[in-house]
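Q: Sequence:
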Amino acid sequence: MSTEYFSSLNISSFHLARGNSYLVTSDFTLALQDYEVALRHYKSSENRQGEGRCLGSLGNAYSSLGQYGKAMNYYIQAMKILEEIKSPYAVWTRKKIAE
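Heads up, the final residue of the sequence shown is numbered 99 in the UniProt record's numbering, and it's a clean run with no missing numbers.
It is worth saying that the hints were derived from the structure and are not from the lab. One should not assume that every hint holds.
[As the list claims (entries may be wrong)] Quick list of in silico lysine-lysine cross-link-like pairs, BS3-like style, CA-CA up to 30 Å: (1) 95 - 43; (2) 70 - 96; (3) 70 - 86; (4) 70 - 43; (5) 95 - 80; (6) 86 - 96; (7) 86 - 43; (8) 80 - 70.
Using the sequences provided together with the hints, build the complete structure.
A: The following block contains the structure:
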């Protein structure tokens with residue numbers, strides 16, 4: 001694997017983690033910004049697990065903002081990817097959709 005792949009993976013992991021921190025502190029705008037950056041990098045490196053998790057995190061942020069339609073859209077996208085790759089995170093996403 002190329003160094004470019006690992007660089008993108010590190011950038012995406014950093015932004016996903018920082019977005020999670022912002023989500024916990026209710027700074028939803030900054031969380032969304034970091035999740036969007038992470039998502040771009042996960043997609044460009046074809047990291048489906050990261051992409052699915054990031055989409056789920058975007059769903060959480062929009063749900064916290066009361067934008068439930070947008071949240072559901074992201075949860076459904078996440079679930080499709082995570083089920084496709086047989087990720088254990090798919091169970092979590094199904095739970096979020098059921099709530």
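Q: Does each hint hold? Answer for all of them.
A: Hints, verified against the model:
no. : hint    : in the structure
1   : 95 - 43 : holds (24 Å)
2   : 70 - 96 : holds (13 Å)
3   : 70 - 86 : holds (24 Å)
4   : 70 - 43 : holds (20 Å)
5   : 95 - 80 : holds (13 Å)
6   : 86 - 96 : holds (17 Å)
7   : 86 - 43 : holds (18 Å)
8   : 80 - 70 : holds (16 Å)
Figure legend: structure checked against the earlier numbered hints; every hint is met.
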